[in-house]
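As a plain string of letters, each chain reads:
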Amino acid sequence: MPITHSFDYQKPGSLREALALLARKSAVALAGGTDLIGHLKEGLVSPELLVDLKGLKELKKIEHRGGALHIGALVTFAEVIDSKVIGKKLPVLAEIARKVASVGIRNRATLVGNLCSAVPCLDTGPILVAMDALVLVKGKRGSRKIPAEKWFIAPRKTARKPGELVTGISIPLPRGKAAACYLKLGRYRGEDLAQASVFVSIEQSSRGAKARNFRVAFGSVGPVPCRARKIEKALAAGGALIDMVALKKLVPAEISPITDIRASKEYRLHMCQVMLERALAAADGRLNGTGPAYGASLL
Amino acid sequence: MKKRIRFVLNGEKRAIDVAPQETLLEALRDGLGVKSPKCGCDRGDCGTCTVMIDGRTVRSCLVLGVEVDGAVVTTLEGVMENGELSPLQQAFLDRNAFQCGFCAPGMIMSATELLARNEQPTREEVQEGLAGNLCRCTGYSPIIDAVLETAGVVPKGGRDERP
Ligand code: FES
Ligand code: FES
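Chains as they are written, first to last, in our numbering: chain R, 25 to 323; chain F, 15 to 177.
In short, the hints are calculated from the structure, not lab data.
Note that CB positions come from ideal geometry on N, CA and C, so glycine has one too.
Lysine to any residue pairs mimicking SDA-like chemistry, simulated, CA-CA at most 20 angstroms apart:
(1) R:LYS35 x F:MET15
(2) R:LYS78 x F:VAL22
(3) R:LYS78 x F:PHE21
The following residues of chain F were derived to be distant from chain R, with all beta-carbon distances above 12 angstroms:
(4) VAL22
(5) GLY25
(6) GLU26
(7) VAL93
(8) GLY97
(9) PRO101
(10) CYS114
(11) GLN134
(12) ARG150
(13) THR152
(14) GLY171
(15) GLY172
The following block holds chain R by itself, in its conformation from the complex:
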């Protein structure tokens, strides 16, 4: 299907220039384009100007600074997978990136573009809400840092205002020893959208040798990624012992799955319980140095 709508194309060389162009009515930012070009073909968007960001070097960085991981808006999923810093500081992010679409898409699609799409099945949603990531946004009037949980408003709707540009994200890193796991359920292995997904992170707490903090979030089982705070509390209260039966009973209260072409709501709920158990076991194992390698297939 060709793009029938015509528009102008510009590739600015500085962020200032880009923001000035984006302040125009009907201008849209282009990074990887794997979503945007599909939307242009389907007529879901009809901008007058595409502002290609790929000339902005400052948006290509992956940095570890001030206890957080900063990922620029142009960083692709392939670059997340290959990044040494991410492999060392937050390997679960590479595990997530490997589950996104196919190699040919990951070579082009950016992590920030993924969260801008804000579709309910997005793979980067659960980790960002669970880890309290900040979405860094710049507009002509200044910058904002939006907590991930406030970023996702509804399917395809984010807290970004017209004319604003997401320049990157910042993910606070756990202070103590930590490990995590992301499980994604698809209809088959390889290139599929998530029917349901679970992210779990366990961090040794400074409160005592046995004390641990948990972060849990689900994806694809609600309009936006769901942080599972009741489950997190129950886990932290339980210490080293995890009462899976009690924990699974909390899942229905945390998510609101629907039935669609990819799965029924009953199946999604059931699999969230199964995946929660497996993700916890894997993260726990990884924390103790006995778990499966990051990226191993656990479903």
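Put chain F with the ligands on the given structure of chain R with help from the hints.
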């Protein structure tokens, strides 16, 4: 308004005028007559339009022509080495790894990238590397075997005997 873009296509410098809404796939096929990339789904799901930009595979149906200004683009036409089939292409041929052949250009581009980045892939890594390249004819086995044969992990014409 059309824009002039300059890029290297299969080792040759090219300059063409493209409208901003033209995809790279359209620019290659209709503008330049390079016909190996195919239009299957036109939405990033099937992989038949796969080409390389700066050595990495992309779905050319999801890239605009204007975006490759200054880049190095490689299609299947540029994979042959000195007029000879690449070892991977030869293995595809030897193993009947295509029937109608519609998927083959994309498969070979994806597998070429895979082998450039991972010389000794496991069967699972080949499957993962080719996920998103759909084939409606072969059932995939001969394709995966051809890639493994090229990597030298499966003997020529033999089967993958590993667990
Ligand atoms: S035609 Fe591009 S992926 Fe199908
Ligand atoms: S050989 Fe026909 S689609 Fe693959």
